[in-house]
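Protein chains in written order, with our numbering: chain E, 1 to 167; chain V, 1 to 167; chain F, 1 to 167.
Please note that the accuracy of each hint is not assured.
Since copy identity is lost for identical chains, a pair holds within one copy or between any two.
[Said to hold, decoys possible] Computed cross-link-like contacts, DMTMM-like style, restricted to lysine to aspartate or glutamate with a CA-CA straight-line distance of at most 25 Å: (1) 96 <-> 139; (2) 103 <-> 130; (3) 69 <-> 130; (4) 165 <-> 154; (5) 165 <-> 139; (6) 167 <-> 153; (7) 96 <-> 130; (8) 167 <-> 25; (9) 165 <-> 153; (10) 96 <-> 136; (11) 167 <-> 154.
Read the hints as simulated data drawn from the structure, not as lab findings.
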Amino acid sequence: MARILLVTGGARSGKSTYAEARTLELGTPAHYIATAQAWDDEMEARIAAHQARRGPEWVTHAEPLDLVKVLRETDTAPRLVDCLTLWLTNLMLGEKDWETAAKALVATLPDLASPVVFVTNEVGLGIVPDNRLARDFRDAAGYLNQWVAAAADEVILTVAGLPMKVK
Amino acid sequence: MARILLVTGGARSGKSTYAEARTLELGTPAHYIATAQAWDDEMEARIAAHQARRGPEWVTHAEPLDLVKVLRETDTAPRLVDCLTLWLTNLMLGEKDWETAAKALVATLPDLASPVVFVTNEVGLGIVPDNRLARDFRDAAGYLNQWVAAAADEVILTVAGLPMKVK
Amino acid sequence: MARILLVTGGARSGKSTYAEARTLELGTPAHYIATAQAWDDEMEARIAAHQARRGPEWVTHAEPLDLVKVLRETDTAPRLVDCLTLWLTNLMLGEKDWETAAKALVATLPDLASPVVFVTNEVGLGIVPDNRLARDFRDAAGYLNQWVAAAADEVILTVAGLPMKVK
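Pulled out of the complex, with its shape left as it was, chain E reads as follows (with noise of 0.2 Å):
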């Protein structure tokens, strides 16, 4: 079975940092598969600021959907998955259904021969937000975490860019 790691954290915790100096001590050159998608002006200079940090050891896939198909396709080098928040925040805006979806990738695991790192964010410790769709969405995000953490070999959570070990 594949190392599978799972770096979890609040935003600007140093998440991405973390994960990518883990996934290349795996080994160079490594696969960057990012799941954002651009859907503004603010998301795209996120999205530009990220790949400026990165060299080029890094290969970079775009996938916002089919994290099962790139994971299969990539498995010959250590990949960085950033993250998993975008990921699902793509499937319910499709309205895809992402509880089989996170399934699917939590059952693909195990057939993996390289190594997995995911990045995936915390939202459910501030106050329950007013819409329904934000309640769903951190439900959602709070299962998804729980899911991949059980499968993962380590989880750590980031706090002012520091890892703390949670499992």
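We have chain E; now place chains V and F onto it with these hints.
For chains V and F alone, coordinates are given in the frame of chain E:
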């Protein structure tokens, strides 16, 4: 003194599942003390989903306000109180004196013979809420968590379904 | 180099109380550097409540913006800076260059002879805020926390009034 355990965490972080397992380890049948009140259909669905997951090893009590009374009445077997945050919501929405109620709860704990596992929520790690009521609620929730944690023998933070030891 | 401690956590998680105790362990009298500005009655009440809790072992300084100056001027005894998040708020609301100010603060730390305990807030673990200003603020707060944490000798996350060691 009874063994007191506090399980805190974000939404859908696996708090209840973890707390249920810990309670049943302490003895069965155990008392499940539900503080939830069904204010609307969404809440009713959440309560039903919670109940469906629990098995026959539980005796369920619904008590939205008087936790001290129900803890004294059930003091012959382990209890799970799920959750303190909804209890606080009930107190505040009912315009009760939550601070006096919280202090009375904490003052009762040393008198109890059987263990109590409390579930609560972390609600203060997001952006400062726009509205005053939400700010007052998150302040109150923070103090309540501190007071119960100070009286607890063990405090666990759940992240992605996994326990992190706080105390 | 001075001993630098960063205490982070959610609202009402016991950050200030913990940080005050740690500062006083380093020597008394200690300097209390308050960054809060009373923008409204609610804030004024919070500041008054904080001050009422502190005893005569503190020399209080109010400094909403120029932390470098006050840290240099008070460099003969332990300092508590409470808190970085309000300092950032002051910089951003005053349309200052927060990033330059934050980097200047971090660059000053190695020059200081006396220890500094910083209090800050975790604000990035909730749902993505609706408005742009709140998103920019939580991004800035995340980077500020990372930069200070990288320069700190010790980083603590408070949960329910209890310290968790991050670094």
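message: Could you work out which of the previously given hints the structure breaks and list their numbers from low to high?
response: 2 and 3
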